[in-house]
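K.L.:
Residue numbers (the working numbering), protein chains in the order written: chain A, 1 to 499; chain B, 1001 to 1102; chain C, 2001 to 2490; chain D, 3001 to 3225.
Among these hints, one or two may not hold up.
Selected chain B positions facing chain C (in silico; Cβ < 7 Å) [claimed, not checked]:
| id | residue |
| --- | --- |
| 1 | Tyr1020 |
| 2 | Lys1031 |
| 3 | Met1038 |
| 4 | Gly1039 |
| 5 | Val1072 |
| 6 | Leu1079 |
| 7 | Leu1083 |
| 8 | Ala1090 |
| 9 | Thr1091 |
Pair by pair, the computed Cβ-Cβ distance ranges are [what the hints assert, rightly or not]:
| id | chain 1 | residue 1 | chain 2 | residue 2 | range |
| --- | --- | --- | --- | --- | --- |
| 10 | A | Gly70 | D | Gly3011 | 50 to 56 Å |
| 11 | C | Glu2203 | B | Ile1070 | 51 to 57 Å |
| 12 | C | Thr2449 | D | Leu3176 | 32 to 38 Å |
These aren't lab readings, by the way, just hints derived from the structure by calculation.
Predicted model only: the values in this text are computed from it and were never measured.
Even for Gly, the Cβ is constructed at its ideal location relative to N, Cα and C.
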Amino acid sequence: MTLDAWVPLLVLCSSLVPGLLIFGLDESRVRLRTTLNLAGALTKLALVGVMLWGVAHGHTYEVRIAFLPGLDLALRAGPLALLFLVLSSLLWLVTTIYAIGYLEGSPHRSRFFGFFSLCVTATVGVAMAADMLTFLLFYEMLTLATYPLVVHRGTEVARRAGQVYLAYTIGGGALMLLGIVWLYTLTGTLEFTPRGFVSELDPSHHPALILIFIFLITGLGVKAALIPLHAWLPMAMVAPAPVSALLHAVAVVKAGAFGIVRVVYEVFGVEFSALLGVTLPLAILAAATIIYGSLRAIFQDDLKRRLAFSTVSQVSYIVLGVAIASPIATVGGLVHLVHQGLMKITLFFCAGNLAETLGIHKVSEMNGVGRRMPWTMVAFTVAAFGMIGAPPVAGFITKWYLGLGALDAGQHWVLVVLAASSLLNAAYFLPILHAAWFREPPATWPEEREFGRRETARALLWPPLITALAAVLAGLFAAMPFSPLEWARFIAEQEFTRP
Amino acid sequence: MTPAVLYALTGLGLFVLGLYALIVHAHLLRKILAFNVMGSGVFLVLAGLAGRTASGIPDPVPHAMVITGIVVAVAATALALSLMLRVAGATGRARLPDEHER
Amino acid sequence: MDTAVWLQSGLTAPILLPLTGALLAFVMRRRATPIGLLSVVALLGAVILQVPSLFADGPQRLAIGGWGAPLGVDLYADGLSVAMLLMTAVVGLGISLYAAAYFRDTPARGQAFWPLWLLLLTALNALFLSADIFNLYVTLEILGLSAVALTAIAGGADALVGAMRYLLVSLLGSLAYLLGVALLYHAYGTVDIALLAERIAAEPATWAAMGLMSAGLMLKTALFPLHFWLPPAHASAAAPVSAALSALVVKGSFYLLVRLWIELFGEIAGGVATLLGLLGAAAVLWGSIQALIQTRLKLLIAYSTVAQIGYLFLAFPLAVGTGATAWSGALYLALSHALAKTAMFLVAGNLLRFGGHDRIADLDRVVQRLPLSMAAFALAGVSIMGLPPSGGFIGKWLLLEAALTEGRWGWAIVIILGGVLAATYVFKVVGYAFTQSENPHQAQPVPATMEWVAFALAVAAVLMGLIVSQPLIVLEIGNPFGIQAEVAVQ
Amino acid sequence: MTPMGFGARAGHLLLIALLAVIFGGLALAVLSLPSESPGLSAQVEAAMGETGVTHPVTAVLLDFRGYDTLLELVVLLLALAGVWSLAEGSPFADRRPGTMLDRLSRFYAPLMLLVAGYLLWAGSASPGGAFQAGAVLGAAGVVLTLTGWRLPVALAGWPLRLILVSGVSIFILVGLVAFFFGAVWLDYPLEWAGALILLIEAIASLAIGATLAALFLGGRPEAHP
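With the rest of the complex left out, here is chain A (with noise of 0.2 Å):
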């Protein structure tokens, strides 16, 4: 094995080892599990910054191990896996960091850490994945690892969440598991291929090929938050809210976009999947959720659900970028996978900093909150205009492409979803926006905890700063080299192209 080949496989362990450690370590020993924690998530992060300079300049970081007769293991660190790698290593520094501070005092950290880390190691394992075998088997373990995260209070209606949360991605993945072999016993092969491996295939299997393509969307389109499969998403927001900025941001819903971003470009391929008819009736489907998403977040005064209602919304831009089918529409898409991560894990941060300082679960409790906890709030409304699409926030860029690729594909009905959701997002943002900075604050919050000068504990002030100034740079600099704007014109560049 070449040195290249060790860096896919040093990126899983960087969190992995981590992850097992800390699950061996007594409840007491804070200071080496922190530690521990950070030395992973930085290790990763240098593995993948290295990885992203070599791919820029044409290196292949790829790793196989045999597995079935006919079939490896393979990991692959080309560009669209990169774009997920630095998404998800950088958030997962931030998240932890976060953690660490939400979490102080709290009983099973290690547990939490744990599985935290597995929850990362099975992130990054999805976005290397080099076939669809590697990546069922990480997409699998990434349902494993969450749902301890998700039952981690223990209560009976975390167990019922778990319960749901497992019922969904368990049945998912099975229709995905029932596609991929039948995919594999029509083509021989499962490996990731730009612009796919299917279309050579003879045209009487062009039924069957419609059907694996319904298979294996349903079964990413659960994690994705597919309408009618999203049911899960906002019952499983009883987690600790670490939990939920890395199920919405940056493992769970991304997992399940990222994979139907590689089983329409790289297992079917855009031309040909438009080609089968199936790419028009996923673009329904996508704004479908859109808009039915922002819907039922207008209506929910919890926080949480009001933003996870939001991701339901907000992720299946990624799809409908991807299900438009044009270069420019897929810019779009992908660079969302980074910007609506960069945005909503923010917004999830804040909600967890007013639930941890002063008790605020609800919107109706949200009167005022900005002059007491004025920099979260700063933090919450840049996400929150960066959803609704306003410039110079990252979301405005995606919106942006998403409405040129649409013009270009000459299918204008996204430009009237594309403006009712943005709409939508500022219905039930801007109210938000409008309590916390001009509504007189209550004599007394909830629960008001005590953080001396700071409005809350440093450790769980900065992350959302951080990732809102991230935002904004995605936004204000995306004409810049390794701008994720950049490097998803890189890839869609790739995709495209042809002889």
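With chain A's structure known, arrange chains B, C and D on it following the hints.
P.N.:
The following block gives chains B, C and D in isolation, referenced to the frame of chain A:
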């Protein structure tokens, strides 16, 4: 019908008869006896059909098998009876409880 | 040592080592535990040492007493036998280590356990190595009787009644099998499997023998609807015994059925294969649903065994046309199920020891209090559900591949559905392990050995999914599935 | 096993019909067998010279299929181990016979030993052998047990267990002798075969007799005073 076949058919009859008793009777002792009847039937088939030789001297191999089979049956019966006594001691009846466990 | 002696010690050691251990443990009651552990370690060593020579020389045949078939009894080892031997030795070692700790407080039961347990291992190994259908009858009887006696060791009305029912079923199965042997011998003049394979023809005697032997073995393997005896017996036995019954004993009769099917009956069976598959499918669904509605952990695990046995029988129809893929899949499932199910039953034993009960809804935060055991349960569950990477996943993948290659949708859906149901019942347990019970209970200490053994076996079940090629190559030694003869690994 | 549930008449008739079908099928199979079949007679005949015994059934039992017989001894031992694991004491702990029974048994027991010895010896040439001898020995043990004779406490522990396992043990050991002659397990050297088989049979019948008697006793003799 040669005697060999007659023995074999008798053996089959015993086998099926034993099976009937095994299913129908509730008392464990009867079940154990039924199993012994079945076993005898099998041994009769095994040994009876060994007589189909031209010389009239039966094939010795099935006879050795029957001896082995009998010893196994004796051992199994001993264990079964012992177990039956324990079941009777523990539940007060030498029969299996009704089918609620199915 | 010259090769001849080496060869025969390779074939006889798996039988003689545990047998000698059993005799010594029987005579020297007070030393039974160290004797037992030593024999099982030696057994594992002997089986492992045998593998390289099989790779080098292909399948091995040993004519005991120098006579050779048809007069004498032959031992025969190919990849299939060795895979089963390895499974037995590994799981056997795990169960032995566990039992040593489990019976520490009840020495009388321990002294009764060891000879019976070593005889059970003897019987299994003799069964996996025998090439003679009458000899196989004797091994089946040893297997059945030792399993029954072990079940009864737990004492208590449940265990005794379970053992009694098990005994009757086991004896009935053996007699049906023996009648089949009688018919085959008198029809073809031999009881050697290889010779029978040459002579067998599609005629009434063969069909009758097939019916009798298959029915007997199905009864012993607890294939739906003949599974009724299994849950009460497996659930009421002592933990190490439950593990042995579910992991190993039912595999013995299943192995024999596969052997007979491949060598003798497969060609002439016709629609019977489909019937076996349908019963298997029914077992998958029925067993899983029953597992799901159980309120006691050990019964849940026992019904899970009923379901998993069903999976094994899906290979019978799927092998028609796809051959090695389907058989490899079923055997892979059997091997990883042995590891996973042992781990599960041992965990159940730990929980029983810990809380004094196995009511699922009252597990009361065992995730925190016995983390290692619950980790073992969850990991074993991963394999039972068939999620990657685990041995169970590989088995299901191969079965699915066999089903979909031929476009047999019905079987594929059963395979998938069974996995989803398995996930539901496994996570039912895991979910309750996180929550606080309304009936908090006294906690008894659980010896560390008992936790670590379960954990190690569960990890092994998962690792089976990462080291796939080696077990598959072992399985192919001597081409036991009789297909693709030209590409068989020699 | 549905004893009472099948009480319904229809179910009962169905069962009988099913069993009749099974019988019919099996009978058809038996009737379809060739009316004449030598089985393995000829091969046994041909190989008798290499066995050291002259009775074919004994040759099959102890030589050709000696391995089966070894396992069969294991089954007996196993049953005993099972019975012992079930019951700690014997139900015949304190039972005294009447005078008549006592005297008769003292007369019969030695006679039965003699008969057993004869059966054993005869087995190499005519019907008889280890199992028949062992059965008679076992019966002697049963008679003695019933008439109140008890194994001395000093012998009831490991010495008894040693006797019980001696049958299987001698089989294994004699089998291993072949190893040192470079032959296959359980292959007796021709010139020794007769003697070795007799040795195995002698010890095996003792073990079988002891096992059968112990099975009848139903519990470990040393477990009660």
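K.L.:
Now tell me if each hint is right for this structure.
P.N.:
Okay, the hints, checked on the actual structure:
{"no.": "1", "hint": "Tyr1020", "verdict": "violated, 12 Å"}
{"no.": "2", "hint": "Lys1031", "verdict": "holds, 6 Å"}
{"no.": "3", "hint": "Met1038", "verdict": "holds, 5 Å"}
{"no.": "4", "hint": "Gly1039", "verdict": "holds, 6 Å"}
{"no.": "5", "hint": "Val1072", "verdict": "holds, 5 Å"}
{"no.": "6", "hint": "Leu1079", "verdict": "holds, 6 Å"}
{"no.": "7", "hint": "Leu1083", "verdict": "holds, 5 Å"}
{"no.": "8", "hint": "Ala1090", "verdict": "holds, 4 Å"}
{"no.": "9", "hint": "Thr1091", "verdict": "holds, 5 Å"}
{"no.": "10", "hint": "A:Gly70 - D:Gly3011: 50 to 56 Å", "verdict": "holds, 53 Å"}
{"no.": "11", "hint": "C:Glu2203 - B:Ile1070: 51 to 57 Å", "verdict": "violated, 29 Å"}
{"no.": "12", "hint": "C:Thr2449 - D:Leu3176: 32 to 38 Å", "verdict": "holds, 34 Å"}
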